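Protein chains: 2
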Amino acid sequence: MPQSPQDDAFTPTARSRVARRPQRARYDEASVFAILDAGVMAHVGYVIDGQPFVTPTAYWREGRRLYWHGAAASRMLAASGSGAPVSVTVSFLDGFVVGRSGFVHSLNYRSVMAFGRARLITDPAAKRAAMDAFIDRLYAGRAAQLRPATDAEITQIALVEMEIEEASAKVKDTSATDLAADAGWAPWSGVFPVETRIGAPRPSPDIAPAGPLTADLAPYAEGARLEDALTRAA
Amino acid sequence: MPQSPQDDAFTPTARSRVARRPQRARYDEASVFAILDAGVMAHVGYVIDGQPFVTPTAYWREGRRLYWHGAAASRMLAASGSGAPVSVTVSFLDGFVVGRSGFVHSLNYRSVMAFGRARLITDPAAKRAAMDAFIDRLYAGRAAQLRPATDAEITQIALVEMEIEEASAKVKDTSATDLAADAGWAPWSGVFPVETRIGAPRPSPDIAPAGPLTADLAPYAEGARLEDALTRAA
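Just so you know, the protein sequences line up as chains Y and R, in that order.
This note's numbering numbers the first residue of the first sequence as 1 and each following residue consecutively.
This note's numbering numbers the first residue of the second sequence as 1 and each following residue consecutively.
Hints were generated in silico from the structure; no laboratory data involved.
Here the structure is a predicted model, which is why all the values come from computation and not from measurement.
Be aware that a few hints might be false.
Pairs count within a copy or across copies, as identical chains cannot be separated in the list.
Stated by the list, open to error - Cut-off 25 Å, straight-line C-alpha distance, at most; resulting in silico cross-link-like pairs (DMTMM-like, lysine to aspartate or glutamate):
#	residue 1	residue 2
1	Lys172	Glu222
2	Lys172	Asp123
3	Lys172	Asp49
4	Lys172	Asp136
5	Lys172	Glu153
6	Lys172	Asp132
7	Lys172	Asp206
8	Lys172	Glu195
9	Lys172	Asp37
10	Lys172	Glu227
11	Lys172	Asp8
12	Lys172	Glu29
13	Lys172	Asp28
14	Lys172	Asp182
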């Protein structure tokens, strides 16, 4: 964390301040960005006529901006117009906590909730650059190797930018709490950790022979932890 | 899928009908429940004063009802009152799809988006039964082994029930699309699958000696796929 909460930290308001178990909350950029940069799938929340929607979406981060594209963007922005308030949540399940009473059972997790306003990027050159940036964020140096996007492809992509106005991170990484009242009860107490890893690559069956796995794909080696791959690629 | 879309299927409206790539959508209970029962962390969307919030939350399912508890429930229901419209999304990242042009890069995933209205359950006996049901859903037969919850513990828990009014499942499990324009380009095409598994159990350091790993915990054996563990436990 930075020396002072004013340095490189988000300023929470009632919207983003963590009310429950505030000791687990972080507002500094390093904590928030570490979680955002370990993921590739966010849950984007938006409102249409009072109804909340939550859409899982591939995303990436540049500074204090988040980007995503796809149908959610189109639907939301068609309904709400540019500047619609959105919420972007990224979370990781890290483990199952079991104890000797029901009350201590829980999950370990990391999450970031970010707030801002969504803006559709329509300029074709900006969209083209962003598409390359996303490819390179996941697979460094790959965009330059690819068949360039056609104008029609660029037109089909809906691209959204959100400046993070506020964000909070929350981390729970505990073992089972031992409550006084639990003394003498038998059940096993502890944590079953959860890890997400890359499996064996599956070359496209339509393209033979498969080309070599180039350096841009190296972070996705079989057995790599997903978040290590994403952090390494970023 | 059932023989007839009327049998055991959700009826989509504009709210839940999948607009983009409808061939990937499913509305039958079997498809929706299979995804809901493979997960333990949902993203709950709710609205306070026009602002969307998305909170990751442990959940479980009984028939067409979803349950969760915690701070999100309290905050949302305090602001919106019982009957607030909510959206519950469960998703799994299954793989990274890479191809020979930027346009074909994507993620493989499964997701369910469910809609309904949240209702706070306040009856202490119902809360106690639900807490046991959640423990047993994750760890079959465990609730009876635990130190019973005190009245104070039951009071502290905010428990939410949502009847699923509409739900849609969406599944993408493809290899890289081979576009005609990509012919002759060199980059490797295919999928890097992603899998989430249980790690080595970590007994609570405060409780020695650790008791044995009982049958209720067997699905969480080291190396088990998380979704297999959750499906097996359900």
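Hints versus structure:
1. Only between protomers do Lys172 and Glu222 lie at most 25 Å apart by alpha-carbon distance; the minimum there is 21 Å, versus 28 Å within a single protomer.
2. Proximity of Lys172 to Asp123 under the C-alpha cut-off of 25 Å is found in neither arrangement, the shortest distances being 41 Å within a copy and 29 Å between copies.
3. In this assembly of identical chains, Lys172 and Asp49 lie within 25 Å of each other by CA distance neither inside one copy nor across copies; the values are 35 Å within and 29 Å between.
4. For a Cα distance limit of 25 Å, the shortest separation of Lys172 from Asp136 across copies, 23 Å, qualifies, whereas the shortest one inside one copy, 31 Å, does not.
5. For the homomeric pair Lys172 and Glu153, the shortest alpha-carbon distance between copies (20 Å) is at most 25 Å, but the shortest distance inside one copy (42 Å) is not.
6. For the homomeric pair Lys172 and Asp132, the shortest alpha-carbon distance between copies (23 Å) is at most 25 Å, but the shortest distance inside one copy (35 Å) is not.
7. In this homomeric assembly, Lys172 and Asp206 come within 25 Å of each other (Cα to Cα) only across copies, at 18 Å, whereas the closest approach inside a single copy is 44 Å.
8. In this assembly of identical chains, the alpha carbons of Lys172 and Glu195 lie at most 25 Å apart whether taken from the same copy (15 Å) or from different copies (22 Å).
9. For the identical chains of this complex, Lys172 and Asp37 are neighbours both inside a copy (18 Å) and across copies (23 Å), given an alpha-carbon limit of 25 Å.
10. For the identical chains of this complex, Lys172 and Glu227 are neighbours both inside a copy (17 Å) and across copies (21 Å), given an alpha-carbon limit of 25 Å.
11. Taking identical chains as interchangeable, the C-alpha atoms of Lys172 and Asp8 lie at most 25 Å apart only when both belong to the same chain, with a minimum of 23 Å there against 38 Å between chains.
12. In this assembly of identical chains, the alpha carbons of Lys172 and Glu29 lie at most 25 Å apart only when taken from the same copy (18 Å versus 33 Å across copies).
13. Only within a single protomer do Lys172 and Asp28 lie at most 25 Å apart by alpha-carbon distance; the minimum there is 17 Å, versus 36 Å between protomers.
14. In the homo-oligomer, the alpha carbons of Lys172 and Asp182 lie at most 25 Å apart inside one protomer (21 Å), although the nearest pairing across protomers, at 45 Å, exceeds that limit.
The structure shown violates the earlier hints numbered 2 and 3.
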